[in-house]
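S.K.: Sequence:
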Amino acid sequence: MKVSEDQWRFMKEHLGYTDKEMKIFRQNPRNKDVLSKGESLMNKTIIAEVVDSHGCNSHHRIGDKFYFDGAGNLLTGLCPKRICIYALASVATLIFTSNELVYAGVNPNEMRFK
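In numbering that gives the first Met the number 0, the protein residues as written are 0 to 113.
Simulated from the structure, these hints should not be mistaken for lab results.
Careful: at least some of the hints might be erroneous.
[What the hints assert, rightly or not] Distance condition first, Cα-Cα at most 25 Å in a straight line; then the derived DMTMM-like pairs of lysine to aspartate or glutamate:
1) K22 to E38
2) K22 to D32
3) K64 to E109
4) K1 to D68
Here the structure is a predicted model, which means the values were calculated and not measured.
Make the full structure from the sequences, and use the hints.
M.R.: This is the structure:
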């Protein structure tokens, strides 16, 4: 899929890249691939749900949910007031994996191991 000049310009501004940095960024074919498929992540929300909790200092309970946008940014307004760093660390790999699945054309809701 083709990446428009507007998309490249947006990424340059979004990432705060200089012209030199953007030239290097554009030379990497993986970046073009991600940008061409990344739009499908823009309207996605990734939800991680607590399935077990005992003695949690942050008082997370079973059923609590953490919400992330498709790029993996925590949507703090939708999350519990206190968030355990260890809970976040455990979902980082799953978010990375779900994005990789989208880039590969696979529905991340069909992950075998969650």
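S.K.: For the pair supplied as a hint, K1 and D68, is the alpha-carbon distance within the 25 Å limit?
M.R.: Holds - the C-alpha atoms of D68 and K1 are around 24 Å apart, at most 25 Å.
S.K.: When you check the alpha-carbon spacing of K22 and E38, does it fall within 25 Å?
M.R.: Roughly 21 Å separates the two Cα atoms, so the pair holds.
S.K.: Need the status of pair K22, D32: alpha-carbon distance at most 25 Å?
M.R.: 16 Å, holds
S.K.: Measure nothing beyond the straight line between the CA atoms of K64 and E109; if it is 25 Å or shorter, mark the hint as holding.
M.R.: With Cα atoms ~19 Å apart, K64 and E109 stay inside 25 Å; holds.
Against the hints set out earlier in the document, no violation occurs for any number.
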